[in-house]
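Same order as they appear, the protein sequences are chains A and B. Under my numbering, residues 29 to 186 are what the first sequence spells out, in order. Under my numbering, residues 6 to 515 are what the second sequence spells out, in order.
These aren't lab readings, by the way, just hints derived from the structure by calculation. Check before you lean on any hint, since a few could be wrong.
Below are the DSS-like pairs computed for lysine-lysine, each with C-alpha atoms no more than 27 Å apart in a straight line [stated by the list, open to error]:
1. A:K97 with A:K62
2. A:K101 with B:K236
3. A:K62 with B:K359
4. B:K401 with B:K411
5. B:K400 with A:K179
6. B:K393 with B:K428
7. B:K411 with B:K300
8. A:K179 with B:K28
9. B:K400 with B:K359
10. B:K423 with B:K400
11. B:K428 with B:K400
12. A:K97 with B:K236
13. B:K359 with B:K393
14. B:K210 with B:K293
15. B:K236 with B:K423
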Amino acid sequence: MKKIIFIAIILFARPCFSQGLEEIFSDPERFDQKQVCFEAEVIGEVLANDSGFWLNVSEAGYNLGVYLKNREKAEVLGHFGSYRETGDRVRMTGVFYRDCPLHHECGLHLDDLEVIESGYIRRESVSAAKLKLSLVLAIICLTLGGIYLIKEHYGKRN
Amino acid sequence: MPDRGRTVSVFSFLKRMIISPAKKDFFTIGNVLGKFILGLSFFMLIPLAAAALFGEYDAFFDFLIGFLFSASAGLSLLIFCPWQEEAAWAHSFFIVSLGWLAASLLGAVPLFFSHHWASFIDAWFEAMSGFATTGLSLARDLDHLSFSHNIWRHLMMFLGGQGIILAAISLFTKARGGSLGLYLGEGRQEKIFPNIIATARFIWKVSLVYLVLGTVIFFLILFSKGLAINKAVVQAFCLFMAAFDTGGFAPQAQSIAYYHSSLMEWATMVFMILGAINFNLHFWVWYKNRTELYKNFEVRIFFLSMLSLSLLLFFSLRSFSSFTVFRKGFYQLISAHTGCGFTNLSFLELNGFKPVSLILIMIAMALGGGICSTTGGIKLIRLGFVFKGFLGEIKKSVMPVNSVYKETFHHLQDTVIKEKYIKEAFLMIGFYLISFFLGGMIGLFYGYEPVPAFFESVSATANVGLSLGLTGPAMPQGLKLTYILQMWAGRLEFLSIFIVIGYLASLFKK
Numbered sequence: 029m030k031k032i033i034f035i036a037i038i039l040f041a042r043p044c045f046s047q048g049l050e051e052i053f054s055d056p057e058r059f060d061q062k063q064v065c066f067e068a069e070v071i072g073e074v075l076a077n078d079s080g081f082w083l084n085v086s087e088a089g090y091n092l093g094v095y096l097k098n099r100e101k102a103e104v105l106g107h108f109g110s111y112r113e114t115g116d117r118v119r120m121t122g123v124f125y126r127d128c129p130l131h132h133e134c135g136l137h138l139d140d141l142e143v144i145e146s147g148y149i150r151r152e153s154v155s156a157a158k159l160k161l162s163l164v165l166a167i168i169c170l171t172l173g174g175i176y177l178i179k180e181h182y183g184k185r186n
Numbered sequence: 006m007p008d009r010g011r012t013v014s015v016f017s018f019l020k021r022m023i024i025s026p027a028k029k030d031f032f033t034i035g036n037v038l039g040k041f042i043l044g045l046s047f048f049m050l051i052p053l054a055a056a057a058l059f060g061e062y063d064a065f066f067d068f069l070i071g072f073l074f075s076a077s078a079g080l081s082l083l084i085f086c087p088w089q090e091e092a093a094w095a096h097s098f099f100i101v102s103l104g105w106l107a108a109s110l111l112g113a114v115p116l117f118f119s120h121h122w123a124s125f126i127d128a129w130f131e132a133m134s135g136f137a138t139t140g141l142s143l144a145r146d147l148d149h150l151s152f153s154h155n156i157w158r159h160l161m162m163f164l165g166g167q168g169i170i171l172a173a174i175s176l177f178t179k180a181r182g183g184s185l186g187l188y189l190g191e192g193r194q195e196k197i198f199p200n201i202i203a204t205a206r207f208i209w210k211v212s213l214v215y216l217v218l219g220t221v222i223f224f225l226i227l228f229s230k231g232l233a234i235n236k237a238v239v240q241a242f243c244l245f246m247a248a249f250d251t252g253g254f255a256p257q258a259q260s261i262a263y264y265h266s267s268l269m270e271w272a273t274m275v276f277m278i279l280g281a282i283n284f285n286l287h288f289w290v291w292y293k294n295r296t297e298l299y300k301n302f303e304v305r306i307f308f309l310s311m312l313s314l315s316l317l318l319f320f321s322l323r324s325f326s327s328f329t330v331f332r333k334g335f336y337q338l339i340s341a342h343t344g345c346g347f348t349n350l351s352f353l354e355l356n357g358f359k360p361v362s363l364i365l366i367m368i369a370m371a372l373g374g375g376i377c378s379t380t381g382g383i384k385l386i387r388l389g390f391v392f393k394g395f396l397g398e399i400k401k402s403v404m405p406v407n408s409v410y411k412e413t414f415h416h417l418q419d420t421v422i423k424e425k426y427i428k429e430a431f432l433m434i435g436f437y438l439i440s441f442f443l444g445g446m447i448g449l450f451y452g453y454e455p456v457p458a459f460f461e462s463v464s465a466t467a468n469v470g471l472s473l474g475l476t477g478p479a480m481p482q483g484l485k486l487t488y489i490l491q492m493w494a495g496r497l498e499f500l501s502i503f504i505v506i507g508y509l510a511s512l513f514k515k
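Next up, chain A with everything else stripped away, as it sits in the complex (with noise of 0.2 Å):
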């Protein structure tokens, strides 16, 4: 009896499987208005909309709208993914609709979030090649150029 109410309470003590948003997409209707756990990066920003708030999130090329009732359960998000940011690594729980029938999206309605890795800025760095690329390009340019503007001065006085 111990043994059934130790595995009872593992299987049913977490809220879900995690399931990767490729495994979501790729079988929509099997997870329709089900109780879904992803983790993904946060993309962007908060998007307001009339009855509430919007996050992107995206994992392996695939991207998905995220629905929350309230902005404080995104304020706990330090990092959005941008150029300049990666963003927080978050894993998600909620239920996903294919077809929302109050939004009429895709997407995910929020019911837990919890930053497992948190985002950072990236360091921009321009590359030695590049430098030495654009120093030869600008020698050649310069005098291409300068060929070009003798040629024209010289024709136009013949």
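For this one, chain A is given, so just place chain B on it according to the hints.
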């Protein structure tokens, strides 16, 4: 010379052309191409300035390399191919074909250096897709792309929509000779003014007025959604260029779905439709007669085809809620019919549509918009000519033998449909259908399912950009090259490509 507002018979010009180039011809072509490439390189200064403004230093060097490389190529051509004579008809078609190839190859340089494209072919695909206003993308991790690279992707669409060769030449040089050939070669068959440069400048004027209007409207929507000012400005600018020039690139991977805003969807629909309208009609509505909008042959065909396709799509998507069918189905249909390629669905959602719904979207993609607009595809007026041709034949068959019957259409003025208009329409529709078929067959050859293979083929040739997910960095190189060829040929409406083939054939003959 053709009259204003009349459909120009491009095939009659073809007959007059002599396809036997001499050394002097190559100098002339090289000289004009040099001017064009130099002009194009100056457009790269826009994203270069944006990179400097936003402090995107790595991207700054990508555009510096792109600018210097393009300017050097243009100057080399000008030095080695000195001016010999004004470009003639045959030259212009050759210039257009080579110019579009050169533009896409040079436009790919700053993209390639950004590392968001896996190979130079991927960057070339993106640049060709941009210039041809297609919108199919091979970018990896688009959500982390710099502002400046996004500006360049969308600017390529804006230039492509105007006609890049004529844009560069009319803005940066005083070229006159062969300008009608350049205009026709870039897939436009109607003049607004007798002078082609004046026509090109009017097209720029219309586009710039809408650019300001569209950017302001999109900015207000995006800013109200919570985007930071700088991001809202850049994305509004980019989205306008993609919507009006019916391109379809978007700054975010989810396209328009990223914004979760029906207001944004409505706003983009308005500008997509404005881009799909004949520039000649813009001119008439702005300066002459507003009622032309309701009487125009192309507008009526657009309305009729949208209505019939919408009804069929509505029935084919009846498993979804009515509101979803309207918001999602109608948006895809407008996007497909105008040749834009914006979407508010993920490609997996689009894949979830029944084959019959996808076939309806494919038909809308194939049809396209107005003949002197930024759209690709068969074009509405040709569809109208074929329809009127059939109607005329039926009417003739029930009339007395000696009766004279003429079918007319209203496009700026009432015009009798000549036999050659119908023949040319059939010929162009034939070219498009062959291209759709061949591209689809190549997709099948690579092992893809028939619906996605033909869907992407139609999307590439008609310069739309909607995708069922087949187009991506992982697709075979041969298929990437096939789509590049289809986008190039479709945008130039095949004619210029045939002239290049004629030139090449004449070289072998010699």
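For each hint, the structure was consulted:
no., hint, result
1, A:K97 with A:K62, "holds, 18 Å"
2, A:K101 with B:K236, "holds, 24 Å"
3, A:K62 with B:K359, "holds, 23 Å"
4, B:K401 with B:K411, "holds, 9 Å"
5, B:K400 with A:K179, "violated, 66 Å"
6, B:K393 with B:K428, "holds, 12 Å"
7, B:K411 with B:K300, "holds, 19 Å"
8, A:K179 with B:K28, "holds, 21 Å"
9, B:K400 with B:K359, "violated, 38 Å"
10, B:K423 with B:K400, "holds, 16 Å"
11, B:K428 with B:K400, "holds, 19 Å"
12, A:K97 with B:K236, "holds, 24 Å"
13, B:K359 with B:K393, "violated, 32 Å"
14, B:K210 with B:K293, "holds, 16 Å"
15, B:K236 with B:K423, "violated, 52 Å"
In terms of the numbered hints stated before, the structure departs from hints 5, 9, 13, 15, listed from lowest to highest.
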